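K.L.:
Start from chain A and add chain B according to the hints.
There are 2 protein chains.
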Amino acid sequence: MHLRVLKRLLVGSPIPSEQAQQERLSKPVALAIFASDALSSVAYATEEILRVLVLAGSAALALTVPIGAAISLVIAIVVYSYRQTILAYPQGASDFIVAKDNLGRLPGLTAGGALLIDYTLTVAVSVSAGVAAVTSAVPALFPYRVILCVVALAGLTLGNLRGTRESGKLFAFPSYAFIGSIVLLLGAGFLSIVTGGSAARISPPALDGGVAAPLTLFLILRAFASGCTALTGVEAIADGVIAFKPPEARNARITLAWMGTILVTFFFGITVLASIYAVVPRPEETVVSQLARRIFDDSPTYYLIQGVTTLILILAANTSFADFPRLSFFLARDGFVPRQFAHRGDRLVFSNGIVILALVAALLIVIFEGDTHSLIPLYAVGVFISFTLSQAAMVRRWVGRQEAGWWWRAGINGVGALTTGVVLVVIATTKFSHGAWIVIVLIPVLIGGFLIVNRHYREVARQLSLEGYGGPPPLKHTVLVLVGDLHRGVIPALQYAKSISPDAQAIYIEQDSEKTRVLQEKWQKWGLGVPLTALPSPYRSLLVPLLRFLRRLQHKDEHHLITIVLPEFVPARWWQHLLHNQTALLIKGALLFWKGVIVTDVPYHLKH
Amino acid sequence: MHLRVLKRLLVGSPIPSEQAQQERLSKPVALAIFASDALSSVAYATEEILRVLVLAGSAALALTVPIGAAISLVIAIVVYSYRQTILAYPQGASDFIVAKDNLGRLPGLTAGGALLIDYTLTVAVSVSAGVAAVTSAVPALFPYRVILCVVALAGLTLGNLRGTRESGKLFAFPSYAFIGSIVLLLGAGFLSIVTGGSAARISPPALDGGVAAPLTLFLILRAFASGCTALTGVEAIADGVIAFKPPEARNARITLAWMGTILVTFFFGITVLASIYAVVPRPEETVVSQLARRIFDDSPTYYLIQGVTTLILILAANTSFADFPRLSFFLARDGFVPRQFAHRGDRLVFSNGIVILALVAALLIVIFEGDTHSLIPLYAVGVFISFTLSQAAMVRRWVGRQEAGWWWRAGINGVGALTTGVVLVVIATTKFSHGAWIVIVLIPVLIGGFLIVNRHYREVARQLSLEGYGGPPPLKHTVLVLVGDLHRGVIPALQYAKSISPDAQAIYIEQDSEKTRVLQEKWQKWGLGVPLTALPSPYRSLLVPLLRFLRRLQHKDEHHLITIVLPEFVPARWWQHLLHNQTALLIKGALLFWKGVIVTDVPYHLKH
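Chains as they are written, first to last, in numbering that gives the first Met the number 0: chain A, 0 to 607; chain B, 0 to 607.
One chain only, chain A, in its complex shape (with noise of 0.2 angstroms):
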């Protein structure tokens, strides 16, 4: 009782199923809300680019701007092919239908599976990355990063449980400050690098004195594979066309258009300021964080910019709430994962979906110590996984339908899959060691669970079908009450026995020949008429007898039904449990895998 209170207090009341309808969104509405994830990696993955060149020693920095300049691209040719996308699917497709419906099941799974790892990672990477540009603003809380990634996580959990109606209005806000102040941090940058002003007197790189690493080719693909968490997100657009105002489909590949280009504005900046300003990453200050303080100092601008860095990032981690929950929702609707995840909680909501995806995040986090940078390696595999799969799965599309202009589609989203192929093969081959390893191991495991999970399903719902089903064969049922005494809690079950069958019987298991007869006495005044029948039990099991008695019953007919009445009497308090003989329970575990038999138990509540 206590707890359901609680649970209504953080919770909510439950909302009826007929509120369950889409929100319509406009353009910029739909662009905070989708854009989120994709623009707040800008806040990191420069960063990740600056991390891997500086073991090559600080000359190696200049190698900063052609990377992005290559990430950039990739992401142009990304947000092309999705738009694509849109094109045939007007009503919204994630990567895991579009693969599933037409590359097949195998595919199909393949990138489900990616993406719930995706979305996790999600989680954990934004969650960590905006706790990490508020420890940036406040040193001081830098040695408890991890304790304030969970609590975030918390509330998160707690929102998306109570379900958000108001969305968006809420995305609005952040994502346009987002953008406005990272528009104002790249204005700012560059215009003091043309009148000269003090930020952009560049110091030299403090880089702790250690030996370089040589600057291999391994290593410049490795700072590629790197910058390339930039491109996270980028699907949510095409995945959630259905909530655009319509026309829907223009809509979103409009919205989609916009989105790149800021996303590709965005990180291109701050790539060439990072590198114009030479920052060196420093594992408790951000990048972002760096160049803002450079250009803006102390001020109060400088804070403006991390707090909305913050929130974008915290944001990013909510639309993971909405995709992972959807996504599980889709392969428990076709037996893939446990049916609890289709299930609609009061508020609405996937509860279970949420829950488990706030579990494995916390657990993500706390194993690698709110780290963003050591997330980072397992994070772009599983993305580019289902980007590849789900280009790979348009091309056969066009060609396979040859509606007009299905050549030049077919081109687009082919370029599309060979680069993120050529992507993905980067990133698993030099991040493979840093923890790729991880997720390229783990995606054939959850393949497998799904595929476990699906058979299962299917053959309940093969051995439950009514097809070809003969009707069941007539009933042989037999009711019997077991005794151990004869008083008021008694009574009921014998009442309860006799008006399911005329034929009930009693049981007593007999220890003691005395008792048998005591008991036979009362029995003649109380027993409602229902025959008593003693079992010996020399050895004093109740168990023993009352098996061999049973399985002599079914001996002669397989299908003989068999109820097994037990009067029980309830304490009023829990305590008081421990002091009764928990025959019933005992008598319960022994049967509960014994075919043919039902246990009753006729309560009898005891008052205090």
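Honestly, I wouldn't trust all of these hints.
Identical copies look the same in the list; a pair holds intra-copy or inter-copy alike.
Straight-line distance between alpha carbons at most 35 angstroms, and here's what the computed DSBU-like set of lysine-lysine pairs gives [what the hints assert, rightly or not]: (1) Lys606 x Lys514; (2) Lys594 x Lys26; (3) Lys475 x Lys606; (4) Lys606 x Lys244; (5) Lys555 x Lys244; (6) Lys514 x Lys524; (7) Lys521 x Lys244; (8) Lys26 x Lys497; (9) Lys524 x Lys555.
In short, the hints are calculated from the structure, not lab data.
What you are looking at is a predicted structure, and each value in this text was computed from that prediction instead of being measured.
P.N.:
Below, chain B alone, put in the same frame as chain A:
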């Protein structure tokens, strides 16, 4: 299944009830059985006196012999006093029964609680003293004493769960070997003094240079109190009169006199020898071991004495494994402890009492790190509480009955009660801060528990009694089948419901009216003629509409009984349970304490 095989291997096959007969013992065998507890205490009682006196410096050790003499006098009084008890209770009676019969319930429960504590401490003290005899002989084992104690305890527990048919023979050897070896020790020790042999060359006590405490009266009384542990177990023969060959009472009284004589001789003998040989107590080696080593060097005789001492101490612990479960049985029969303690396991022993005793004793040994000396202050309080109550009860009995010679017998028991009462006050005072307070606090707590349990059992008996019962009200019974779909797993439940009531109806919780339509169509063909009612659930809750429906049904008639039949398909493997909504469990949980509602599962077993 495998657990059952393991249990049979460890504990043996079940024993039929008719084998529950008492083995009748001759006086020598009875002495061996009942004396092990009392006699074994000479292995540590003298040492406890020395340990206190040595605090006041080596000169204080001169008081050892007078204190030993005073304790010997107390032993003689208590033994003589218990001989009167045997006269009055020729069937034998524990202090609990004697106090309860003659002084009333509360003193009886006080004695009962004190004895339960006493028995538990006997196990803990005897096992750790037995292990101390081993580690004295083999000092390398000293660091492993706690593990050794726990292993010995586990062996005792297992042996007692098997039940010991051959206990007489088992006890005779070690008891007489112990008596023989102490006779040998005392004989050789005193002979050496008389002949001026090498062993009698008294070395000056090697005391650690520390500030000695002043030799106050309090310290002397504390030394006396410590030595009184020699009396533990003296009551055993009076408790077990029924086990003797007839004439039981006469044989028991003779055996008690023998035991008293041996006990006083051994205890006083060792005390005097320790004093003459100026043995100084050390934590790593017992006083008896030091004496034996001085007299016999490291000869085989020395090791024999240590080995036999260990054996008798383990056997002393074993007597509590009979006493504690028996007393628990009496308390359970009278309804003062949970009834489970009155249940004989399949080897005819009170298994629950044995297991509880072993667990608490093991806990004590671990907490006190297997150190006999730390456990002793807790020990004697309980023993002397039950001595005093039992002797006082006897006085009351003699005075009340006024049989021939009553004043003489009352006088003897009066002296016994007075002596043990005074000793009790001395022990409680001088040992209070060393641990006796634990027992003094624990006994009222135990009594409170006894009374609460008793009140509950009496209240249950009152509520269940058929006395003045007018018979049950006529039964109004409705059968509902709760369905979520219609498939092969549901058919047996429908069939069952029809068989137990011609008016059974099916209930469906509707979340989606389209699904209801599909179900109703199927129902036409396969519903077995059971009418189907759909309850709308706008909030998707299964429970809320169901509970509302039940409440409405029962609203009309409080005694309206409702059976809810739940079709439940049972997966073949445990992990498959996780893949299904635990609806049945949820409903059973919600209705567990709902009056007048019976939940019946009709299982449908899936094949694989």
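K.L.:
Confirm or reject each hint.
P.N.:
Going down the list of hints, with the structure as the test:
{"no.": "1", "hint": "Lys606 x Lys514", "result": "within (28 angstroms within a copy, 44 angstroms between copies)"}
{"no.": "2", "hint": "Lys594 x Lys26", "result": "neither (61 angstroms within a copy, 57 angstroms between copies)"}
{"no.": "3", "hint": "Lys475 x Lys606", "result": "between (38 angstroms within a copy, 22 angstroms between copies)"}
{"no.": "4", "hint": "Lys606 x Lys244", "result": "neither (62 angstroms within a copy, 50 angstroms between copies)"}
{"no.": "5", "hint": "Lys555 x Lys244", "result": "neither (69 angstroms within a copy, 53 angstroms between copies)"}
{"no.": "6", "hint": "Lys514 x Lys524", "result": "within (16 angstroms within a copy, 53 angstroms between copies)"}
{"no.": "7", "hint": "Lys521 x Lys244", "result": "neither (79 angstroms within a copy, 40 angstroms between copies)"}
{"no.": "8", "hint": "Lys26 x Lys497", "result": "neither (70 angstroms within a copy, 60 angstroms between copies)"}
{"no.": "9", "hint": "Lys524 x Lys555", "result": "both (34 angstroms within a copy, 32 angstroms between copies)"}
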